[in-house]
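Student: Here's the letter readout for the chains.
Number of protein chains: 2
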Amino acid sequence: MSKTINSIAVIGGGSWATAIVKILCNNSDKVNWWVRNSETAEYIKKYKHNPNYLSSVEFEASKIFVSTDLKEIISKSDLIVLAVPSAFLKEALKEIKAEDLKNKIVFSAIKGIVPENNLIVAEFLNQIYKVPLENIGVITGPCHAEEVAMEKLSYLTIASQNTENATLLASKLNCRYIKTTVSDDIYGTEYSSVLKNVFAIASGICHGLGYGDNFQAVLISNAIQEIKKFVDKVHPIERDIKSSAYLGDLMVTAYSQFSRNRTFGNMIGKGYSVKTAQMEMNMIAEGYYGVKCIYEINKKYNVETPITDAVYRILYEKMSPAIEMRLLTDKLS
Amino acid sequence: MSKTINSIAVIGGGSWATAIVKILCNNSDKVNWWVRNSETAEYIKKYKHNPNYLSSVEFEASKIFVSTDLKEIISKSDLIVLAVPSAFLKEALKEIKAEDLKNKIVFSAIKGIVPENNLIVAEFLNQIYKVPLENIGVITGPCHAEEVAMEKLSYLTIASQNTENATLLASKLNCRYIKTTVSDDIYGTEYSSVLKNVFAIASGICHGLGYGDNFQAVLISNAIQEIKKFVDKVHPIERDIKSSAYLGDLMVTAYSQFSRNRTFGNMIGKGYSVKTAQMEMNMIAEGYYGVKCIYEINKKYNVETPITDAVYRILYEKMSPAIEMRLLTDKLS
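Heads up: the protein sequence lines correspond to chains A and B, in order. Mapped onto numbering that gives the first Met the number 0, the consecutive letters of the first sequence carry residue numbers 0 to 332. Mapped onto numbering that gives the first Met the number 0, the consecutive letters of the second sequence carry residue numbers 0 to 332.
No lab work stands behind these hints, which were simulated from the structure alone. Just so you know, even glycine gets a beta-carbon here, dropped at the ideal spot from N, CA and C. A hint or two may mislead.
Pairs of lysine-lysine residues, derived as BS3-like cross-links and limited to a Cα-Cα distance of at most 25 Å, are as follows [what the hints assert, rightly or not]:
hint, chain 1, residue 1, chain 2, residue 2
1, A, K101, A, K70
2, B, K274, B, K317
3, B, K93, B, K103
4, B, K269, A, K151
5, A, K178, B, K29
6, B, K29, B, K45
7, A, K330, B, K171
8, B, K269, B, K228
9, B, K178, A, K330
10, B, K93, B, K45
11, B, K330, A, K171
12, A, K151, B, K75
13, A, K228, B, K178
14, A, K269, B, K228
15, B, K151, A, K330
16, A, K178, B, K228
17, A, K228, B, K228
Here are some chain B residues the structure puts well away from chain A; computed CB gaps all over 12 Å [claimed, not checked]:
hint, residue
18, K45
19, S66
20, E146
21, D183
22, E295
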């Protein structure tokens with residue numbers, strides 16, 4: 000059945016959600032925007048910008064409908080873009096039932112795993128909310144929200160097993176500063192975007208320990224090989240891991256001074272405990288949850304993942320970062 | 000015929016040559032070191048460090064034999080490591096004849112193309128100096144010489160179609176801060192290391208024009224695909240382009256603030272002319288010569304190389320960087 004998309008919702012009040020609302024406003028008359036906090040909603044309505052994230056981005060009042068009522072936002076929309084941190088997704092959707100999502104197209108811009116279920120968002124929507132796979136998709140980078148705010152040229156990959164849906168959403172996102180590519184690989188893009196956060200933590204740990212740029216390049220070369228081995232095992236389809244959705248997304252995160260995952264890792268490498276680093280940052284490093292999920296999921300697949308294993312042992316088994324990374328160096332080439 | 004390597008020579012007085020001498024001194028009693036300039040040679044003998052490059056590195060006097068007499072250095076050595084800029088190789092070797100290199104093993108650490116002949120160094124040695132391919136090899140990164148000086152852990156790939164020679168040299172280079180991998184791909188590693196300089200220029204141009212990190216990640220993802228297409232066409236053997244010798248070498252150069260190729264590109268992107276940028280830098284950006292060679296060599300192979308073509312047109316046909324890169328963005332994904 001061919002669908003038209005008359006109305007789109009964005010779920011989330013963070014920087015990535017705000018960036019997606021900004022992009023969609025270029026081609027849509029109205030974007031429905033759910034934020035959790037009623038003060039934030041009132042602020043956006045009154046001052047036309049998000050007080051907490053990308054606050055330089057101004058919205059046209061006529062183009063956004065902001066609400067804290069998730070049921071209302073979803074019922075008004077044909078296509079839903081989820082953009083809350085994966086650790087909060089379950090909580091955010093707690094009042095939503097499968098029937099609320101019936102006939103909706105749902106895209107995840109989350110790039111994460113739902114920790115309680117160890118499911119990527121696509122699987123979570125499919126298994127828990129009975130959204131058929133053909134109505135599910137993934138939006139992936141390489142894309143720092145901050146550069147979208149500045150209208151710096153960025154490329155997004157829109158993945159769905161239903162090419163028509165991916166193409167429809169891509170046409171809504173294309174604009175002067177956004178170019179899109181369509182893919183059919185929802186598993187590979189989503190797992191890859193989880194793993195890249197884990198590797199950004201690894202990269203930060205090594206930087207914190209004093210490893211240099213020469214080693215960093217070796218680490219990331221091995222990381223993309225680890226991503227390929229993992230996603231090829233979990234979902235064996237034809238894919239070019241050198242595409243920007245995989246390799247580009249890994250590089251933009253691992254090489255970024257602004258990545259919270261890299262910053263978190265850097266603090267661990269410098270000797271902070273996990274708890275202190277998290278308190279100091281006052282932000283969630285997605286890879287902290289991601290590495291645990293991947294580690295547990297991998298018990299089923301048994302892929303050789305030396306970098307992931309090292310990060311897991313450092314963050315969850317209190318192993319020494321210096322020793323773990325020293326041992327890791329012998330497994331890289 | 001199985002060879003032993005009793006003596007090794009390093010040819011060149013720059014930072015990479017100096018770094019290689021430093022590494023070799025860990026496992027060798029004596030390294031024969033040719034530098035062009037007699038004042039440099041005298042200085043090194045007297046003060047035990049190179050006055051111009053990596054001057055923090057101190058050598059044990061008993062371990063190095065420094066000379067400006069290339070014939071003498073070569074005749075004393077079983078294995079020769081060439082580490083002069085590719086544009087100066089022909090001039091440096093002008094007194095050397097094929098018979099001087101007879102039975103010598105020659106490794107290129109140059110990562111370049113000999114401009115007058117449009118040959119990679121391995122081909123140049125083979126065709127002009129009649130060194131049999133089995134006695135030729137390539138040393139490749141990812142490896143900034145500056146980090147070797149600081150003894151930061153780095154990985155080198157030692158390539159030769161003669162695995163025994165590659166393994167022998169690798170064993171001479173392995174030390175506390177150097178790990179080595181052996182490869183049989185002299186063409187792929189050498190072409191790849193030329194192309195990475197071209198892409199570092201592209202990366203600098205885009206940075207100078209105001210493109211951000213999101214775009215940078217897309218550019219480098221497309222660059223490694225361009226490398227793969229090119230080397231697979233020129234020398235079609237099995238290789239994993241995600242290995243650190245290819246992808247790592249590309250990343251360490253393109254993401255480095257210190258890469259002279261990236262710096263050169265950045266100046267071009269900011270509006271400097273090629274001549275002014277070269278004068279300001281007072282250093283050679285290898286990629287400037289590399290892009291011309293690759294462009295000309297590619298007339299034979301006809302590989303689709305949009306990034307290389309854009310850099311060539313900007314540097315040699317005075318095309319506008321802003322327009323060329325704008326056109327390039329439509330060819331990337």
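Student: Hint by hint, say whether it matches the structure.
Tutor: Hints versus structure:
no., hint, result
1, A:K101 to A:K70, "holds, 12 Å"
2, B:K274 to B:K317, "holds, 11 Å"
3, B:K93 to B:K103, "holds, 17 Å"
4, B:K269 to A:K151, "holds, 17 Å"
5, A:K178 to B:K29, "violated, 57 Å"
6, B:K29 to B:K45, "holds, 17 Å"
7, A:K330 to B:K171, "holds, 20 Å"
8, B:K269 to B:K228, "violated, 30 Å"
9, B:K178 to A:K330, "holds, 11 Å"
10, B:K93 to B:K45, "violated, 28 Å"
11, B:K330 to A:K171, "holds, 21 Å"
12, A:K151 to B:K75, "violated, 57 Å"
13, A:K228 to B:K178, "holds, 23 Å"
14, A:K269 to B:K228, "violated, 41 Å"
15, B:K151 to A:K330, "holds, 17 Å"
16, A:K178 to B:K228, "holds, 23 Å"
17, A:K228 to B:K228, "holds, 22 Å"
18, K45, "holds, 31 Å"
19, S66, "holds, 30 Å"
20, E146, "violated, 4 Å"
21, D183, "holds, 15 Å"
22, E295, "holds, 26 Å"
In summary, the numbered hints that this structure violates are 5, 8, 10, 12, 14 and 20.
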